[in-house]
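Number of protein chains: 2
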Amino acid sequence: MKKFVNEPSNFVHEIMEGLVLANPDKLKYVPDYNIIYRADMPRDDKVSIIQGSGSGHEPAHIMLVGQGMLDAACPGNVFAAPPMEYCYECTKLMNSKKGVLHLINNYQGDRMVWDMAHEMAEADGIKVGVVIIDDDVAVQDSTHTVGRRGVAGNFFVIKACAAAAEQGASLEELVALGNRVNSVVRTMGVALTSCTPPAKGEPIFDIADDEIEMGIGIHGEPGRRRAKLQAADAIVDEVFQAVASDLPFKRGDQVSLMINGMGGTPISELYLLYRKAALNCKNSGLEVVRSYVGNYCTSLEMAGFSLTLIRLDDNLKRLLAAPAEIPIRVF
Amino acid sequence: MKKFVNEPSNFVHEIMEGLVLANPDKLKYVPDYNIIYRADMPRDDKVSIIQGSGSGHEPAHIMLVGQGMLDAACPGNVFAAPPMEYCYECTKLMNSKKGVLHLINNYQGDRMVWDMAHEMAEADGIKVGVVIIDDDVAVQDSTHTVGRRGVAGNFFVIKACAAAAEQGASLEELVALGNRVNSVVRTMGVALTSCTPPAKGEPIFDIADDEIEMGIGIHGEPGRRRAKLQAADAIVDEVFQAVASDLPFKRGDQVSLMINGMGGTPISELYLLYRKAALNCKNSGLEVVRSYVGNYCTSLEMAGFSLTLIRLDDNLKRLLAAPAEIPIRVF
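Line by line, the protein sequences give chains F and B. Residues in the first sequence are numbered consecutively from 564, following the working numbering. Residues in the second sequence are numbered consecutively from 564, following the working numbering.
Think of the hints as simulated: they come from the structure by calculation, not from any bench. Check each hint, because a few of them may be wrong.
Remember, identical chains collapse to one label, so a pair may be satisfied in a single copy or spanning two.
Stated by the list, open to error - Straight-line Cα separation of at most 27 Å, DSSO-like style, residue types lysine-lysine; simulated pairs:
| hint | residue 1 | residue 2 |
| --- | --- | --- |
| 1 | K690 | K565 |
| 2 | K791 | K565 |
| 3 | K609 | K589 |
| 4 | K763 | K565 |
| 5 | K661 | K589 |
| 6 | K591 | K660 |
| 7 | K791 | K589 |
| 8 | K589 | K763 |
| 9 | K655 | K845 |
On a predicted model such as this, the values are computed, not experimentally measured, just so you know.
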């Protein structure tokens, strides 16, 4: 296992310590429940927005905690849902008179713990709203999922809801908004390589030197098919077709286009992929009004990418362009 | 070769096309000379700042072109200096009454082409200033270098000079500032894996599954020693000691600390490395006033990192905190 790691059981804990050391004024950390939260939250005049899933998808979600994005995150171990008590304690910690919004990727483990935390928090008198994210078009059901998986499209649900929350939206409005965003966002991913969780010490699946997995899940779940490695443009064509035909996106639609890296793919290759995806948008009559190229939802050091399209309206364009400040910044 | 690539000879060109497609209002591209430049530059009331080195180090330098950073970049092929005419044409294109600043990493190939472009531009009546960057403490001379190599510390020279240029500094002031920044910044890197330039199709060096290269160059040049893979904290300790003892940094210094990814290392591991480096700063009496964690100067998909320290004064703190807007953004 070639990784920068100490004792594998401390992997997640040490990442979170590093994140808080790098942002001492803005973030706080509760080690007992793996909670990273904004130092200036909760506030009774703003709905709190929280998320917690398995680790290994960084920057999702601990590095998306900040003004105009998440208020708190409580990850589990690598590729494992957080324990229920993390979700419950995180909800209590972020309790606001306006309520707490749970954003949940559609995996059985995540849904179970958040459902229980939701019930317990409501029994405590906390107002809780829920949005389930399931943007992955690759497969219908999957290894850890009934229905579609939640992947990089998650970013848009967070950004839109968080921007609206900063502007004073109610919990009910945010649930409606989150569901609406989820209904117009579609994603599919591809893997060139597997990845190795530190505690496991070996790759989560095998893939030959000349193969790619089309429709990969973010925990290595199988996709649509195992294919021979092709030229980048041909790979983009297949992924674009799968994503664009699903909603379907139509000539004249205004969209955002995201090329998300899976963790081990250099940004140079992501822009090379973006090039073909942007040309495909143009040829399909889709107008890209805002682009995203980088690592948003990863699988440790996996080499791969996902392509996300989201159909925009004026309100959504405004929300996506709202200011935000998160720990991972270039400057 | 497992990469997202089409025809290898089009690799750099297609990345640049993708970058401009993603930033149609802000960037322009001159394919004949591989120049990416700010659509709103040059201006006669601001010194233009340009850089061009081999490709494969993205975001350096094409993705650092934007307000408050570079005005233009003209990369060569992967790990190859740009042809002299790219440098000359880039200088002419960015000609300003206040002059053009060349920021050059200390490699023989880069210095030669930029020296020639400098002479030719001056013969045309263009005012040119030069700053050479050589922040890598690993080795004295190297495969492509007489003297020290220029690596991730480059970022700080760009940021400080660009901020001062936006505030109206003269070419002479910027040369003095750039040299001063370079004199207080120190870096050393480590590689877990090699990397594969698309046109070469195979790794640029071999490294065993249980080995790391301490002091790696950004083109795979040998470092100080080949070591057995150790715990992350032990690796950070060795790199930190090499960097901190070189200036040397002293108890009471205010610094910025950068953990730069080499391209294939996930951001989770970078924050785990940052944790130990930040603790070492604290134990050494160095006050970290601004932190940087991410990919700044990479080697394609290499797994590895570098650690940079820079000693700050009030002026430098102000310049590093100045606003900037570059193509690679999270939102």
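Right, here's what the structure says about each hint:
1. K690 with K565: neither (45 Å within a copy, 49 Å between copies)
2. K791 with K565: Result: close both inside a copy and across copies, 26 Å intra and 11 Å inter.
3. K609 with K589: within (17 Å within a copy, 35 Å between copies)
4. K763 with K565: Result: close both inside a copy and across copies, 13 Å intra and 24 Å inter.
5. K661 with K589: Result: close within a single copy only, 22 Å intra versus 40 Å inter.
6. K591 with K660: Close inside one copy (21 Å), not across copies (49 Å); limit 27 Å.
7. K791 with K589: So K791 and K589 fail the 27 Å test inside a copy (46 Å) and across (38 Å) alike.
8. K589 with K763: Neither: 33 Å inside a chain and 45 Å across chains, both beyond 27 Å.
9. K655 with K845: neither (47 Å within a copy, 33 Å between copies)
Of the numbered hints listed earlier, those contradicted by the structure are 1, 7, 8, 9.
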